[in-house]
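Visitor: Here's the letter readout for the chains.
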Amino acid sequence: MSRKRHVRDIDDLEDRPLLEVENLKTYFQTGHGIVKSVDGVSFDLERGRTLAIVGESGSGKTVLSRSVMGLLPPQNVIREGRVRFGDVDLTNASPQELRGLWGAQISMVFQDPVTSLNPVVRAGRQITESLRYHLAMSRQDAKETAISLFRSVGIPEPENRMQWYPHQFSGGMCQRIVIAAAIACGPKLLLADEPTTGLDVTVSAQILDLLNRLQQERYMSVIIVTHDLGVVTGRSDDVIVMYAGQVVERAPTTTLFRDARMPYTEALLKSAPRLSNPSHTRLHTIPGNPPNPANLPKGCRFAPRCPYVQPKCREEEPPLRQAEAPRHWYACWYPVGTPEGVRALEENQAAGVPAAMGVV
Amino acid sequence: MAGIGTAHLRDAEQSIIRVEHLVVEFPAPRGQKVHAVSDISFDVLPGETLGIVGESGCGKSTTGRALLQLPKPTSGKVVFEGVDLTGLTSEAMRQVRTKMQVIFQDPISSLYPRRTVAELVLEPLAIWDVGSSEDRVQRARLMLSEVNMDYDSVSWRRPYEFSIGQCQRISIARALMLNPRVLICDEPVSALDVSVQAQILNLLEDMKRRYGLTMIFISHDLAVVKNVSDRVLVMFLGKVCEVADAESLYSAPAHPYTRALLMASVISSRALSRAGAQPTTFAEEEETQTEMPSSVTPPSGCRYRTRCPRAQEICGVQEPIMREIKTDHFVACHFPLGAPASTEATAAGHSNT
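So the protein lines, in turn, are chains B and E.
All residue numbers for the first sequence refer to the working numbering, where the first residue is 1 and numbers rise by one.
All residue numbers for the second sequence refer to the working numbering, where the first residue is 361 and numbers rise by one.
Extracted from the complex, chain B is given alone in its bound form (with noise of 0.2 Å):
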């Protein structure tokens, strides 16, 4: 007797990018007000290619990762703009549609490995689950499709750790379970949301590792929503910087290190203590707090924050402009590096402007 496959297949439009993000709004309506945690992200991804989202705490980049894949509950959320992945639109989809897709066609990884397995259930079982469900394959099959994924995911004797509950395994061995059991099915997109937070170093360069790797071999896309942005470098072909949920910057990650154009990129790449500085460095800050989300500047949001601000930037809001590089996005009047910006930091640097004085 055949089981019933449930597994929503999506097929690939020609010419167009697997994922496409246009103008996401995520808003909670909290009682302190409507919360603007996304507010008109747009983004799209290719079949194949790692998208960084890197932002601070508060930065909405998580809640993004949710909203895209429709994890947030229905209550007190606005979600507006449209989210399309393959020919699926994800902002309409129902629930069941979205059950066919989650954990078969997009997966994701969460910061905690320990609490995102159950502690009761066999670490093999947690594996076979969705093959079972998704794929409809026999127990047996599933088994055999399990231990292969421990072994590519780096899990020794896996036949033995198959029977172990989480909790006999280390942070780093339930963060490879995690993402067994989040690449079983074979998705095409992977979300990793602080897939390394929490971890050793040497754990998480093996973990960052292990995603690229599995993520060349199997041609997913894959999206890492990271503070740290020592951890995309060298792994994702694309960053987005976002603060106060919006994207300030948006470029292959090699342009993005070289020729930061907005002000809060080039604070955040140079706040970040470097093993290439002698010891006792200054290290640079970003003078205030980021702002209430319940309460948003008019204007850049950066502008309370920003050494560069003029008064432009605290009428107008910037809007995304593109750069001379190609596919680099850039929010801001006064960019790093241009006579304009330059200008504007001179001026706030001869009038003591608080925010101006710590940049060199």
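A hint or two may mislead.
Unchecked claim - Calculated from the model, a selection of chain B residues having no Cβ within reach of chain E, i.e. all distances over 12 Å:
no., residue
1, E56
2, A93
3, F110
4, R125
5, E144
6, I147
7, M162
8, Y165
9, G171
10, R218
11, D228
12, A272
13, R274
14, E347
Claimed, not checked - Examples of chain B residues toward chain E, derived with CB under 7 Å:
no., residue
15, S57
16, D200
17, T202
18, S271
19, L275
20, T285
21, I286
What the hints contain is simulated information worked out from the structure, not anything from laboratory work.
Ideal Cβ positions, reconstructed from N, Cα and C, are used throughout, including at glycine.
Following the hints, put chain E in place on chain B, whose structure we already have.
Guide: Okay, now just chain E, sitting in the frame of chain B:
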């Protein structure tokens, strides 16, 4: 890597803290023991910052707490300003703790949620009955302004009203209220965003300079440790692998474990330095196995040998002893990188590869 020995200790007269043969063990089921810290020694000079790095479970936090006798170490000596703290009564230890303060990783849970900021920062002075109440408020005003907070606008607020970075600054202000000599920072920036992390690190550097503090800075992040430390100690599974001044350790790591840690961070931060990003993987260059061995039944000999690409027979038999390979650069390894093999290893007929 296991490392015993005290070759890296400096003149006892000069050091403010001197830890000798520190052992911390915890009971485990079936009569076994968790060997959290096994015979480590180090010292700190006044005004120096010692960074302690290692992965989770290597005993770095336990070491920091053992200095404060929280809990008392199983054996070994902790000498602070010439006094062995392990022999003190709890009342005498209480007195010493005013001079040794600590900042913990999670600033929110280290501040009592129902107290106001004023109560939190004034409490140390109230406990020790220092000065009049005006003096105390004066001191609180000063310390809060040092961490860029205004006493009048924050004193009546409670921790939940602050961001995590602000809570960490309140913790720092509180730690400095009694004018301590030593500040132990246990992962003080791990929970913070990179821009906030930069603020806190700069702040700690300022405070250290202004108040002549000696710091012990515990972290798993090598770049952060390098930024604040004069001298760095690398730990693995309760043992010291390598001790050296920060520049020397980072430019020429001698222990294979130090190198592995550095490679992992370099790969993830390579594009931060604007030089071209070579997409190399960690496993290609370093260890393929990163599981921590059990601290209940640690490997014999060098504890790092199960992960070490250079391990040979002798590493399982004989524990390497701390030795100086360059001026002020100490390593506990039979086959260190860029230095001759240990005398034990040479005697046993192993060559350095």
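Visitor: Measuring Cβ to Cβ, find out whether I147(B) lies farther than 12 Å from everything in chain E.
Guide: The claim holds: I147(B) sits with its nearest Cβ about 20 Å from chain E, beyond 12 Å.
Visitor: Examine each Cβ of chain E, and state whether all of them lie more than 12 Å from the Cβ of R218(B).
Guide: 17 Å, holds
Visitor: D228(B): least C-beta distance to chain E exceeds 12 Å?
Guide: It is violated; D228(B) is separated from chain E by about 7 Å at its closest Cβ, not greater than 12 Å.
Visitor: Taking the minimum C-beta separation from M162(B) to chain E, is that value above 12 Å?
Guide: At about 18 Å from chain E, M162(B) clears the 12 Å cut-off, so the statement holds.
Visitor: Hold the hint about T285(B) up to the distance rule: shortest CB distance to chain E must be less than 7 Å.
Guide: Holds, about 5 Å.
Visitor: With a cut-off of 7 Å on the beta carbons, see whether S57(B) makes it to chain E.
Guide: Since chain E brings a Cβ to about 6 Å from S57(B), closer than 7 Å, the hint holds.
Visitor: Hint check: is the beta carbon of D200(B) less than 7 Å from a beta carbon of chain E?
Guide: 4 Å, holds
Visitor: Confirm or reject: E144(B) is not an interface residue toward chain E, with every Cβ-Cβ distance exceeding 12 Å.
Guide: 25 Å, holds
Visitor: Against chain E, with CB atoms and a cut of 7 Å, does the hint on T202(B) hold up?
Guide: Constraint on T202(B) satisfied, holds at 4 Å.
Visitor: Minimum C-beta separation from A272(B) to chain E exceeding 12 Å: can you confirm that?
Guide: Given a closest Cβ separation of 5 Å, the condition is violated.
Visitor: For the hint on S271(B), just tell me whether its beta-carbon gets within less than 7 Å of chain E.
Guide: With Cβ-Cβ at 4 Å, under 7 Å, it holds.
Visitor: Confirm or reject the statement that F110(B) sits farther than 12 Å, beta carbon to beta carbon, from all of chain E.
Guide: At roughly 18 Å from the nearest Cβ of chain E, F110(B) sits farther out than 12 Å, so the non-interface label holds.
The structure fails hints 1, 9, 11, 12 and 13 (numbered hints given earlier, in ascending order).
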